[in-house]
Structures are given as C-alpha cells and as structure tokens.
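Asker: So the sequences go chain by chain: A and B.
Per this note's numbering, the first sequence starts with residue 1, numbered consecutively.
Per this note's numbering, the second sequence starts with residue 1, numbered consecutively.
These are calculated hints, taken from the structure and not from any lab test.
In this text the structure is predicted, and so the values were computed from the model without any measurement.
For every residue, glycine included, the Cβ atom is placed at its ideal position computed from N, Cα and C.
Hints may contain errors.
As a list, the in silico DSS-like pairs of lysine-lysine whose alpha-carbon atoms are at most 30 Å apart [as the list claims (entries may be wrong)]: (1) A:K66 - B:K95; (2) A:K132 - A:K157; (3) A:K79 - A:K36; (4) A:K174 - A:K202; (5) A:K173 - A:K14; (6) B:K175 - A:K78; (7) B:K177 - A:K120; (8) A:K202 - A:K7; (9) A:K198 - A:K29; (10) A:K79 - B:K175; (11) A:K78 - B:K174; (12) A:K120 - B:K174; (13) A:K132 - B:K177; (14) A:K132 - B:K174; (15) A:K173 - A:K120; (16) B:K177 - A:K157.
To spell it out: a stretch of chain B is covered by chain A in this simulated footprint if at least three of its residues, at any positions, have a beta carbon under 8 Å from a beta carbon of chain A; those stretches are [stated by the list, open to error]: (17) 156-164; (18) 176-189.
Residues of chain A clear of chain B, computed beta-carbon distances all greater than 12 Å [stated by the list, open to error]: (19) K48; (20) E115; (21) E163; (22) L171.
Okay, here's what each chain looks like letter by letter:
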Amino acid sequence: MSLLEVKDLSFAYKNGVQIIERINFTLNKGDCLAIKGPNGSGKTTLAKLLTRILRPTGGHILLEGKDISELTLADIGKKIGYVMQNPERQVFSHTVEEDIAFSLRHRGFKSEEVEKKIDKMLDFFELNRYRKTSPFILSRGEQQRLAIASVLVLEPKILLLDEPTTGLDPLRKKRLELMLRELYYNGTTLIVISHDHKFLSKLFNKELCIENGLMREDML
Amino acid sequence: MTHFELDPRTKLVFVLVISSLAVIYRSLYWLIGLFACSTVLFFVFGVRFSNLLNRLKSFIPIIILIIFVQSIFRQEGNAVLAVGRFNLLTDVGVKEGASAALRLMILILSAGILVSTNPQHLIRGLVDWRVPYELIFMVQMGIRFLPLLREEVNDTFAAIQLRGVELVNVPLVKKMKIYSHVFLPSIANALIRTNQLTLAMELKGFGVGEKRSFYHEVSLKSVDKILTFVSIFLGLTAVILYYKWN
Numbered sequence: 001m002s003l004l005e006v007k008d009l010s011f012a013y014k015n016g017v018q019i020i021e022r023i024n025f026t027l028n029k030g031d032c033l034a035i036k037g038p039n040g041s042g043k044t045t046l047a048k049l050l051t052r053i054l055r056p057t058g059g060h061i062l063l064e065g066k067d068i069s070e071l072t073l074a075d076i077g078k079k080i081g082y083v084m085q086n087p088e089r090q091v092f093s094h095t096v097e098e099d100i101a102f103s104l105r106h107r108g109f110k111s112e113e114v115e116k117k118i119d120k121m122l123d124f125f126e127l128n129r130y131r132k133t134s135p136f137i138l139s140r141g142e143q144q145r146l147a148i149a150s151v152l153v154l155e156p157k158i159l160l161l162d163e164p165t166t167g168l169d170p171l172r173k174k175r176l177e178l179m180l181r182e183l184y185y186n187g188t189t190l191i192v193i194s195h196d197h198k199f200l201s202k203l204f205n206k207e208l209c210i211e212n213g214l215m216r217e218d219m220l
Numbered sequence: 001m002t003h004f005e006l007d008p009r010t011k012l013v014f015v016l017v018i019s020s021l022a023v024i025y026r027s028l029y030w031l032i033g034l035f036a037c038s039t040v041l042f043f044v045f046g047v048r049f050s051n052l053l054n055r056l057k058s059f060i061p062i063i064i065l066i067i068f069v070q071s072i073f074r075q076e077g078n079a080v081l082a083v084g085r086f087n088l089l090t091d092v093g094v095k096e097g098a099s100a101a102l103r104l105m106i107l108i109l110s111a112g113i114l115v116s117t118n119p120q121h122l123i124r125g126l127v128d129w130r131v132p133y134e135l136i137f138m139v140q141m142g143i144r145f146l147p148l149l150r151e152e153v154n155d156t157f158a159a160i161q162l163r164g165v166e167l168v169n170v171p172l173v174k175k176m177k178i179y180s181h182v183f184l185p186s187i188a189n190a191l192i193r194t195n196q197l198t199l200a201m202e203l204k205g206f207g208v209g210e211k212r213s214f215y216h217e218v219s220l221k222s223v224d225k226i227l228t229f230v231s232i233f234l235g236l237t238a239v240i241l242y243y244k245w246n
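Sequences are here, hints too, so could you generate the full structure?
Answerer: Structure representation (structure tokens):
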C-alpha cells in the first residue's frame with residue numbers, strides 16, 4: 001500500500017476557474033517529491049488539497065489507503081506535517097516553546113516528555129536562545145524554522161514544505177538542505193514545493209511539474 | 001458594471017436613504033415593501049443575481065439567530081409554540097423577528113449597491129463633498145485588507161487543526177481558548193502590515209502636499225442631481241407617510 005496516492009485530482013473555484021486538472025502521482029515511504037512550476041500554476045492549491053484545507057472538485061487522495069475526505073484535519077495532521085508558504089500564519093502561541101508544545105499538550109503528553117521533545121527541537125533548529133521569546137518578533141527564517149519544528153514534533157510520516165527557501169540566505173538554505181537530508185535518512189517522506197531548482201535537484205528522486213494546473217511527472 | 005453610469009455620490013445617497021428607512025420603519029409590511037424596492041434597485045444598478053444570493057447566504061445563520069432571539073424574548077401576543085406556561089414563540093415575537101431579519105437584509109442589499117461603484121471615483125466624489133481624504137483612504141484600505149485577513153484566519157485555523165487539534169468535538173471553553181490562538185497572529189500580522197503600509201505610504205509622499213491632485217475627475221451630471229433630489233424627496237415622503245399611517 002502506498003503512503004500517499006493521488007488519483008485524477010482536480011480543483012476549480014466556484015466561478016469555474018480550473019486550477020488543478022487530473023493530477024496523478026504516488027508516494028511511498030522515503031520518497032522525496034519536488035513540486036515545481038511557475039507562479040500561479042497551482043502548486044500551493046495542490047498542497048492545500050493534499051492536507052484537505054481545500055476540497056477537490058474531482059478525484060481522490062488516499063493517505064495510507066484511506067480517502068482523506070473521510071479524515072479530519074486533525075487526523076491528517078498526525079501524518080502530514082504542512083509548513084505553509086507564509087510561516088507567520090501558523091505560529092500562534094505566546095512563546096516559541098509554547099508553540100512547539102501546542103500539539104503535544106493537546107494530545108495529553110506528559111510534561112517531562114513534552115520538555116524533552118521541546119529541547120530536542122530547539123537544539124535541532126537552533127532556536128534555543130528564543131525559547132521564551134514571542135514568535136512574532138522572529139525573522140522570517142526563524143519563524144519558518146519554528147513552523148517546521150512545531151509540525152515535526154508530532155513526527156509525521158510526510159513533511160510538506162511550501163516554498164521553504166524564500167527569504168533564506170545561502171547559509172540558512174544549506175542548513176535547511178542538511179536538515180531535510182537528515183529527515184530523509186530517518187525515513188520521513190518529503191514533499192517540497194519550490195522555484196529553486198538548484199535546491200530541489202540535490203535531494204529529490206521524484207519531481208512533479210505543474211503548468212496551468214496540468215502535470216508532468218518525471219522520475220529523475 | 002451598472003446599466004446607468006451614475007455618480008458614486010448619487011448611489012451613496014440611495015444607500016443612505018434606504019438604510020435610514022430600514023432603521024426608522026418598525027412595521028413588517030413597510031419593511032417588506034422597502035425590501036422589494038431595494039431588491040429592484042440592486043438589479044437596476046447591475047449587481048448580479050448570484051452576487052445577491054451569495055451576499056444573503058453568508059448571513060443566513062445570523063438572520064436565523066436574530067429571528068429566534070427576537071421571537072423568544074417577546075412574550076406578548078398569542079402563543080405559536082409553548083412549553084407548559086412558557087411561551088417559546090408568540091405571533092408578535094415572530095413578527096418582530098421577521099422585521100429585524102428584513103432590516104438586516106435591506107442594509108446588506110443597499111450596501112451591495114456600492115459594489116458596482118469604482119472605489120477611486122467614490123473617494124474622489126467624497127473629497128469634493130469635503131470629507132477628509134485621509135479618512136476615506138484609511139477606510140478604503142481597511143476594506144481592501146479584509147479578504148486578506150480572512151485568508152490569514154482560515155490558514156491559522158487549518159494550521160491549528162493540522163497540529164492535531166479537533167475543533168468539532170471540543171468543549172466550548174476549550175474551543176474559546178483555541179480561538180484566542182487564531183486572533184493572536186492575525187492581530188500581530190495586521191499591526192506589522194499597518195506599520196509597513198504607513199512607511200510605504202510616507203515614502204511615496206502621502207500627505208506631503210497641502211492639496212493633492214486626482215487622476216480621475218468626477219462631476220455630478222444633471223441626471224445625478226435630479227436622482228439625488230428625487231431620492232431624498234421620496235425618502236422624506238416615505239417617512240412622513242409612515243408616521244401618518246402608523
């Protein structure tokens with residue numbers, strides 16, 4: 001059984017404008033999928049469809065064999081960690097550590113365990129010195145690291161990143177690449193949406209090109 | 001696109017007259033008549049039927065709530081629905097509820113007339129009426145940012161749920177606490193954006209000159225003057241007739 005299967009996926013707005021048309025692809029554990037395409041081609045819409053934020057107008061998405069239309073966002077969040085194009089929209093707690101702890105506390109993890117996981121994430125993403133800081137005063141790159149940390153703390157099977165290199169300097173980009181490589185070696189399936197072809201070519205074994213909502217899938 | 005290219009100020013007068021009448025009228029029948037008039041005007045100004053439906057559809061829960069609350073708190077009249085000695089719904093209550101709902105719908109429809117207006121032309125016209133430009137500009141910017149704010153709130157809601165938080169089967173108190181998380185980033189982002197916008201506007205010279213010029217010029221044509229006069233006259237007549245007959 002595939003981890004994620006997308007069958008004839010289509011999406012159109014109520015006014016009839018077709019954004020995504022008959023997209024098909026399959027992802028297995030450990031795959032790295034790069035989603036490329038020009039501005040307005042439907043990449044972010046595809047990400048929102050994969051996480052059920054938007055409902056498709058045609059086709060199906062199967063997550064571990066289950067149609068995601070039967071799952072709640074909370075169920076999907078346990079398996080897919082989604083980092084949005086605008087990370088400032090998905091950090092919402094009073095401090096950095098509270099933001100990482102948010103999903104753990106809501107799942108009833110014990111305090112010692114939560115502390116341990118927060119420490120691990122803060123170390124990994126070099127956010128230790130901001131532990132008690134408000135996430136809203138962080139730079140975009142830092143907010144993005146926090147957003148990734150906050151979704152990774154749940155150890156999702158799939159990590160979906162939308163334009164993760166936007167606004168990152170070369171050093172941060174390199175670190176992001178190393179982090180993704182480490183996650184990949186740990187068995188996390190990656191889906192990354194980006195314009196940055198150089199960044200994508202280093203890690204990915206599958207690519208999906210979208211142009212005007214239509215796909216072109218190639219195995220690298 | 002309107003069928004008649006009226007001056008935005010003429011439309012504004014229409015909206016003011018209709019919304020004032022909606023607030024003044026207390027009688028259900030008068031409100032029904034006013035609702036019919038505003039629906040006709042809505043189409044005359046070229047606003048599409050789908051737009052009308054969408055506009056009203058999003059307010060249905062509020063309209064139902066208003067009818068329910070108004071009905072339940074008016075105990076006089078004949079009982080339509082009662083539990084023991086307590087009247088849940090009375091005929092007077094239902095009438096009051098229907099009136100309040102109609103009033104709200106008229107306000108929504110009359111505001112929709114302004115949708116067919118170019119905001120730049122409206123600003124230009126209001127400046128001619130000596131309304132401070134800065135004030136109109138700020139209101140216009142606020143309205144322009146509303147869809148963005150809605151998108152942000154939706155994204156934050158989705159992000160919270162994707163972190164494994166169910167919003168459906170959560171107790172109300174816990175739900176309110178979760179909602180507070182949604183408004184925190186929205187307010188923070190709105191403040192940051194306001195700050196950036198202020199800087200951008202100052203860099204572009206906003207408010208530097210004492211008198212500013214405009215790319216678009218608008219002027220009241222004869223038909224606008226006549227219609228403005230007629231709508232004010234009809235509005236006043238409608239108020240006088242209402243008080244005379246009620």
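Asker: Checking one constraint from the list: CA of K173 of chain A to CA of K14 of chain A, max 30 Å. Satisfied?
Answerer: The given pair, whose Cα atoms are some 38 Å apart, is violated under the 30 Å limit.
Asker: Under the criterion that the straight-line Cα-Cα distance not exceed 30 Å, is the pair K66 of chain A, K95 of chain B satisfied?
Answerer: 50 Å, violated
Asker: Starting from K174 of chain A, check that the Cα of K202 of chain A is at most 30 Å away, please.
Answerer: 11 Å, holds
Asker: Would the pair K175 of chain B and K78 of chain A pass a check requiring their Cα atoms to be no farther apart than 30 Å?
Answerer: 20 Å, holds
Asker: Within the stretch 176-189 of chain B, is the number of residues with a Cβ closer than 8 Å to a Cβ of chain A three or more?
Answerer: holds (count 6)
Asker: Test the statement that E163 of chain A is away from the interface with chain B: the closest C-beta pair must be farther apart than 12 Å.
Answerer: E163 of chain A clear of chain B: closest Cβ-Cβ about 14 Å, beyond 12 Å.
Asker: Does K36 of chain A sit within 30 Å of K79 of chain A, going by the straight-line distance between their CA atoms?
Answerer: Given that 30 Å is the threshold and the Cα spacing comes to 23 Å, the pair holds.
Asker: Examine each Cβ of chain B, and state whether all of them lie more than 12 Å from the Cβ of E115 of chain A.
Answerer: 18 Å, holds
Asker: Is it true that the CA of K177 of chain B sits at most 30 Å from the CA of K120 of chain A?
Answerer: 27 Å, holds
Asker: With the threshold set at 30 Å, check whether the alpha-carbon distance from K132 of chain A to K177 of chain B stays at or below it.
Answerer: Holds - the C-alpha atoms of K177 of chain B and K132 of chain A are around 20 Å apart, at most 30 Å.
Asker: Hey, is K48 of chain A genuinely clear of chain B, shortest beta carbon separation above 12 Å?
Answerer: K48 of chain A is in fact no farther than 12 Å from some Cβ atom of chain B, at 8 Å.
Asker: Quickly compare the C-alpha distance for K79 of chain A and K175 of chain B to 30 Å and report which way the hint goes.
Answerer: 23 Å, holds
The structure does not agree with the numbered hints 1, 5 and 19 stated previously, though it agrees with the rest.
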